[in-house]
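Q: Start from the sequences, fold in the hints, and give me the full structure.
Residues per chain are reported as follows:
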Amino acid sequence: MSATTKTRTAAEGRTPSTPAQASTAARLLGDRRLPVLVTAGLFLAMYIGGLSRYQNYGFGEPQVFLNLFIDNGYLLVAAVGATFVILSGGIDLSVGSLIGFTTMFTAWLVERQGLPLLLVIPLALGVGAFGGFLMGYVIHNFEIQPFIVTLAGLFLFRGLCLVISKESISISDSTVSSMAQTRVPLGLGELSIGAVVALVVLAAAFYILHYTRFGRRVYAIGGNEQSALLMGLPLGGTKIAVYTVSGFCSALAGLLFMLYIQSGDPLHAVGMELDAIAAVVIGGTLLTGGSGYVLGTLFGVLVLGLIKSIIQFEGTLSSWWTKIATGVLLCAFILIQRAMTARKQT
Amino acid sequence: MSTPSATTPARWRALTHHHLFWPVAVLVALLLVNVPFTPDFFAIRMADGHLYGSLVSIVLFGSPLILVAVGMTLVIATGGIDLSVGAVVAITGALTCSYISDQADQNALAGVFLAMGIGLVAAVVCGLWNGFLVARMGIQPIIATLIIMVAGRGVAQLITDGQIITINSEPYKLIGGGYWLTLPFSIFVVAAVVAVTVALTRRTALGLLVESVGGNAEASRLVGIRSMRIKIMVYMFCALCAGIAGLMISSNTSAADGNNAGLWIELDAILAVVIGGTSLLGGRFSIGGTVIGALVIQTLTTTIYTIGVPTQTNLVFKAAVVIVVCLLQSPKFRAKVFGAKGRARVTAPAEPATPADAAPKMEVSR
Amino acid sequence: MAEPRPVLEMTGIVKEFPGVRALSGVDFRLFPGEIHALMGENGAGKSTLIKVLTGVHPLDGGTITLDGKAVRIGSPLQAQHAGISTVYQEVNLCPNLSVAENIFIGREPTRAGRIQWKQIRKQAAEMVDRLGLDIDVTAPLSSYPLAVQQLVAIVRSVGHGDSDGEGSGTKVLVLDEPTSSLDRDEVLELFRLMRRLRDEGVAILFVSHFLDQIYEICDRMTVLRNGTLVGEHMVADLDQVGLIELMIGKALDQLEELHEHQLRSDVGETLVKAEGLGRTGGIAPFDLEIKKGEVLGLAGLLGSGRTELARLLFGADQPDSGKVTIVGKQVPMSAPNDAIGAGVAFCSENRKTEGLVPDLTVRENIILALQASRGWTRPIPASQRDELVAKYIKALDIRPANPEARVGQLSGGNQQKVLLARWLITQPKLLILDEPTRGIDVGAKAEIQKLVVSLSEDGMSVLYIAAELEEVLRLSHTIGVLRDRKLVAQLTNGPEITTSRILETIASGEHQ
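Chains as they are written, first to last, in the numbering used here: chain Y, 969 to 1314; chain C, 569 to 934; chain P, 88 to 599.
Bear in mind the hints are in silico, worked out from the structure with no lab data behind them.
Computed from a predicted structure; not experimentally measured.
Mixed in with the good hints, there may be bad ones.
Stated by the list, open to error - From chain Y, some residues computed to sit far from chain P (all C-beta separations above 10 Å): (1) Ala1013; (2) Asn1024; (3) Pro1030; (4) Gln1031; (5) Asp1039; (6) Glu1079; (7) Leu1085; (8) Phe1101; (9) Arg1184; (10) Ala1188; (11) Val1238; (12) Ile1279.
What the hints assert, rightly or not - Simulated crosslink set (EDC-like; lysine to aspartate or glutamate; CA at most 16 Å straight-line): (13) P:Lys378 x P:Glu544; (14) P:Lys416 x P:Glu474; (15) P:Lys379 x P:Glu544; (16) C:Lys900 x Y:Glu1111; (17) Y:Lys1134 x Y:Asp1233; (18) P:Lys439 x C:Glu786; (19) P:Lys378 x P:Glu362; (20) C:Lys904 x Y:Glu1111; (21) P:Lys410 x P:Glu362.
What the hints assert, rightly or not - Stretch-level coverage of chain P by chain C, calculated; a stretch enters the list once three of its residues show a Cβ under 8 Å from a Cβ in chain C: (22) 441-448; (23) 458-468.
The C-beta atom is built at its ideal place from N, Cα and C for all residues, glycine as well.
A: Printed below as a string of structure tokens:
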């Protein structure tokens, strides 16, 4: 009869779990975590499939699992940055270029200019964050679509790579190589510094997105930008900050990539923004913004990494199958997302 | 709106407010930059019965981009975007070249035509898939076309088995590298495609319906526009254009490279469309603007080469042009820099009925 | 009794837009513990005044005094901090966040930068409870109907300042057309909340197009016309006729004229026949007949299934059951095309989202339906097109009479006329008008109603939906009454049919 009665039925219809048994975290996530569970399930299924098929080739070794983090740490960091942007309803195409630029920039500073790595790292991070800040500034202040502005960023940073040098610069700096070889023992296996940094970034991103005002503003803006503005949220600051975070993450990913591959090359990480976006989407984040979790992004990255590992274990499959498999997965997840949002709307 | 007393400023204003003014201005400025470095920049000379000159080569090298951008314009006008065109370029080239290379006589016309047909059909199928996802499944275009963008290059490499297939076919060479009536044959292909597109959109009602679908999809459905059909058609057309560009690129190099053919062409094409004054939000579009936009991008590349700047800075310049063009087209930027005069649209005088109307709306066009 | 001091005083407010003076020296005052209506036609300056007050537009002249102190309001955020909260017609919350978070976002309690979720949920539940609402604050906002979302928006607005030190508590609550998409029960729920807040001493500024609502809830009203103040009255002192005269600045001749109008008496044979047509969640299966030249009015509360019925007849939604016969032929109704092909036209109630293509010109918008029915391969020849467009611009008096004008720049009434022209040009047999007079000024309202009468005289059938019963009663030969998504009765119009009779039918849900 009144709005209150409607309220009750609506609420019952939407929340399948009773409040009593749901934990604090689970209630925070609501049923929007379903895509994350699907991705986690997929990862598990793929992993078990890999186990049964390649058991005799050492797939079961814990280190194979940990290697997923070692080999994809940089992608995880980049994808975490992309998650912020996509949650806010934007997109960042400059990720791959910024990673490539960071490898070139650091390699050049360390090798050609002889600067100590400890000075170069904050410098590179600063440049990345500033690049992101600039893009965010233009996007917000001149109301140009993120797609175009970050496209300019893509061109700019790839171009700056080539301006530094057309040739690849290999790094022989002892600090770099010792850092690259450092392993953190974990009992069952070990992680590289890059993997540890990536996990720290992931944890920090989770905390920021769920427990800080800035994080909630990212969701609010992705949910409805106009509302967020009228609710008095600092739209511009948040948007600019989101791209700054993405720029910072890309630069950090670039540093990790440089550690992983120990060289700077103008063609490093070409198209990695696609991998990052794919990981975010496979991880269940809506590309329209406002819904998704960094934890999903972790699973997205792990699934992509696992595809690569499986193709390596298979041996006979060529590298392009990675792309095809990624595309097929992307397609599947996009259709799942579509089905889910369609169900919600009715 | 208001009628200024003096006609000259009025004309000037009408001119500067024409939707092609800024794109043309940028193009002319870029062309003029070349003159101090290459005094005979605008000269066209005849050698071996072929016309040569910077202008000819700008159009020649810009041909694939123009093709892709023209198709992209229609997709963008429906409110969509097609990121897969680069991959489609690669797939078409790969299929056509691998078919030709399997022929005993690579110069046989029938074989070449069949090969081209296979390539173009594959392209159209890609477009159909994109259109199906966007129009039928209702998936955001940027996401739907991401699928082929990611997987397509893998498919192209699968077709070529990861190799670069080289062919040696005279008839096929004509499309991308041959001459006809003293001009590069590509120019005729481009001219034909542009003419067909303009005729298709402006001589029929297709253009109006596309703009309507891009301008307000639900309203279009309710007036009985079969927008699903139109969208699918537009994505297929875009892929067909990309396919022709793919033929041109592979013909020009007599090779199919699954990895690099058409790399980043989708970004250049989108850029060309935006420079040409079509809003990424859909609605109004301008084929002429797009062609000029594509020429701006190609001229930029040529200019960097002729003025002697190291070619590796090409991308930096491109970034600069993107930024400058977008800033010039941003009403907010113009209001801030040039003042709000003469642009009543920046702040609508009528009071908007709902807060949604007051939403900052980005308008790239005009 | 001495008048209490107003909580808000706006004096000599001036606001100019390029080429337009939207507000010229408007005075406005608001007392604590009152519900104050701001009245005016479209273009009177209501929205502008509210936007100045809430910091959306900077003001060009005049002063704003809050609690006796002069204030400058530069942004919506500053307005909120000053104690002025706004709830708009469209719910400006984030559907992807929980109710609790929507109430608190932007001022979440934090400890060392960490958001205190438990506290947020607890406080939100308390606030919702205190205002007598029963809402699960942990559920996502999108899981609630629009009306509840609106209540949540109000909770957010008035809750501001209770929970943190930044605000000074809500002194002024601005409700900008909050009722336009609510049904009667929902409106009552909203009014209950408004009265409660008023009794707590909040000054409420209320904007609504529904005169009845104004007279039901408001204590005082301020009337604007053409950007100037024309009067401030106690609601009890000014009757509806007086109010309308103040708003439009002339007597009600135009409307009276229509009151006098005699309906065309002889309607022809059956044109459209729906049998068992229905859609789950939309409207229960119904039978309906519309005769040639007949105006069939639909009466019912918002959400009673009026729009749903119309959409089924147009194929805008697909029916689950039943069939539609038009001139003896069954039409599949799986898409609007089927209906359009059979001569049905539909002007949606949502002009902006479902009607106009704002970037296209008036001409292009007018020919769109005709062109769509011809298909893209057969464009309308230019000369024929221009002639048609010019004819309808003239016939409907669309202003500006410039076919090249962007339709998005026209006023609401003229936009509605463009939509009418769009369908009239296709010469439909049945014209469905869903709230064609909503949100447009009184003059244009009268014109559109006259047009309906003359179309009916020319033999066109019209399905007419309006929120105002008088309007339906005035125009219709037959009145279909809807209640709870069911067509409960069809009354033949005559002297014995009155608005109260229709209301009784709606209330009882059966034909007496």
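Q: Now tell me if each hint is right for this structure.
A: Okay, the hints, checked on the actual structure:
no. : hint                  : verdict
1   : Ala1013               : holds, 29 Å
2   : Asn1024               : holds, 47 Å
3   : Pro1030               : holds, 34 Å
4   : Gln1031               : holds, 36 Å
5   : Asp1039               : holds, 33 Å
6   : Glu1079               : holds, 40 Å
7   : Leu1085               : holds, 31 Å
8   : Phe1101               : holds, 21 Å
9   : Arg1184               : violated, 6 Å
10  : Ala1188               : violated, 5 Å
11  : Val1238               : holds, 34 Å
12  : Ile1279               : holds, 36 Å
13  : P:Lys378 x P:Glu544   : holds, 13 Å
14  : P:Lys416 x P:Glu474   : violated, 33 Å
15  : P:Lys379 x P:Glu544   : holds, 10 Å
16  : C:Lys900 x Y:Glu1111  : holds, 7 Å
17  : Y:Lys1134 x Y:Asp1233 : holds, 8 Å
18  : P:Lys439 x C:Glu786   : holds, 10 Å
19  : P:Lys378 x P:Glu362   : holds, 15 Å
20  : C:Lys904 x Y:Glu1111  : holds, 12 Å
21  : P:Lys410 x P:Glu362   : holds, 5 Å
22  : 441-448               : holds (count 7)
23  : 458-468               : holds (count 10)
Comparing the model with each numbered hint stated earlier shows that hints 9, 10, 14 do not hold.
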